[in-house]
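Note that UniProt numbering gives residue 42 to position 42 of the sequence shown, counting from 1, and the numbers run on in steps of one.
Treat the hints with care, since some could be wrong.
Said to hold, decoys possible - Derived DEER-like restraints, expressed as beta-carbon distance ranges:
| no. | residue 1 | residue 2 | range |
| --- | --- | --- | --- |
| 1 | G137 | L115 | 17 to 27 Å |
| 2 | E133 | P15 | 14 to 24 Å |
| 3 | E3 | E30 | 41 to 51 Å |
| 4 | G71 | D40 | 27 to 37 Å |
| 5 | D100 | E5 | 28 to 38 Å |
As the list claims (entries may be wrong) - Below, computed lysine-lysine pairings styled on DSS-like, alpha-carbon distance capped at 25 Å:
| no. | residue 1 | residue 2 |
| --- | --- | --- |
| 6 | K29 | K44 |
| 7 | K134 | K55 |
| 8 | K55 | K101 |
| 9 | K6 | K60 |
| 10 | K109 | K7 |
| 11 | K134 | K60 |
| 12 | K7 | K60 |
| 13 | K24 | K7 |
| 14 | K44 | K55 |
| 15 | K134 | K44 |
What the hints contain is simulated information worked out from the structure, not anything from laboratory work.
Just so you know, these numbers come straight off a predicted model, no measurement behind them.
Even for Gly, the Cβ is constructed at its ideal location relative to N, Cα and C.
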Amino acid sequence: MTEIEKKLENNGIRPTAMRILIYKFMAQKEVAIALTDIEDAFVKAERTTLYRTLKTFEDKGIVHHIDDGTGISKYALCEQGCNCELDQDLHLHFHCSNCDKTVCLTDHKIPHINLPDGYIAEDANLVITGICEKCSGH
């Protein structure tokens with residue numbers, strides 16, 4: 001059994017050939033990807049299969065969803081040990097306004113925010129927009 005198969009099974013996901021391929025595809029990317037990126041890479045696959053795979057990965061904590069303000073949902077693999085918990089696993093995302101790529105800045109955690117009594121956080125998303133290191137030449 002491969003590491004990918006173990007990871008999927010440990011998260012309660014049956015490791016089908018398509019799921020393994022999509023996981024490998026996402027693991028090779030340094031940026032968050034949209035469903036259309038996966039569709040372009042797997043042109044012979046059913047769009048609904050690809051979408052369901054992404055949603056399963058999200059529901060089971062393999063990927064997290066990023067709303068980077070472009071109107072296009074992006075997804076990135078969760079880092080090792082991530083449970084996508086509001087209190088400890090949230091990190092910054094950076095969207096480059098030049099190349100239109102979005103990256104996870106997993107070393108930059110979002111601090112816990114104390115909400116007023118009666119408020120219950122369900123999700124948090126912090127996206128910094130600017131020019132990435134590749135586009136800025138650094």
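Status of the hints after comparison with the structure:
no.: 1; hint: G137 <-> L115: 17 to 27 Å; in the structure: violated, 40 Å
no.: 2; hint: E133 <-> P15: 14 to 24 Å; in the structure: violated, 35 Å
no.: 3; hint: E3 <-> E30: 41 to 51 Å; in the structure: violated, 19 Å
no.: 4; hint: G71 <-> D40: 27 to 37 Å; in the structure: violated, 18 Å
no.: 5; hint: D100 <-> E5: 28 to 38 Å; in the structure: holds, 33 Å
no.: 6; hint: K29 <-> K44; in the structure: holds, 20 Å
no.: 7; hint: K134 <-> K55; in the structure: violated, 30 Å
no.: 8; hint: K55 <-> K101; in the structure: holds, 21 Å
no.: 9; hint: K6 <-> K60; in the structure: holds, 14 Å
no.: 10; hint: K109 <-> K7; in the structure: holds, 24 Å
no.: 11; hint: K134 <-> K60; in the structure: violated, 32 Å
no.: 12; hint: K7 <-> K60; in the structure: holds, 11 Å
no.: 13; hint: K24 <-> K7; in the structure: holds, 12 Å
no.: 14; hint: K44 <-> K55; in the structure: holds, 19 Å
no.: 15; hint: K134 <-> K44; in the structure: violated, 32 Å
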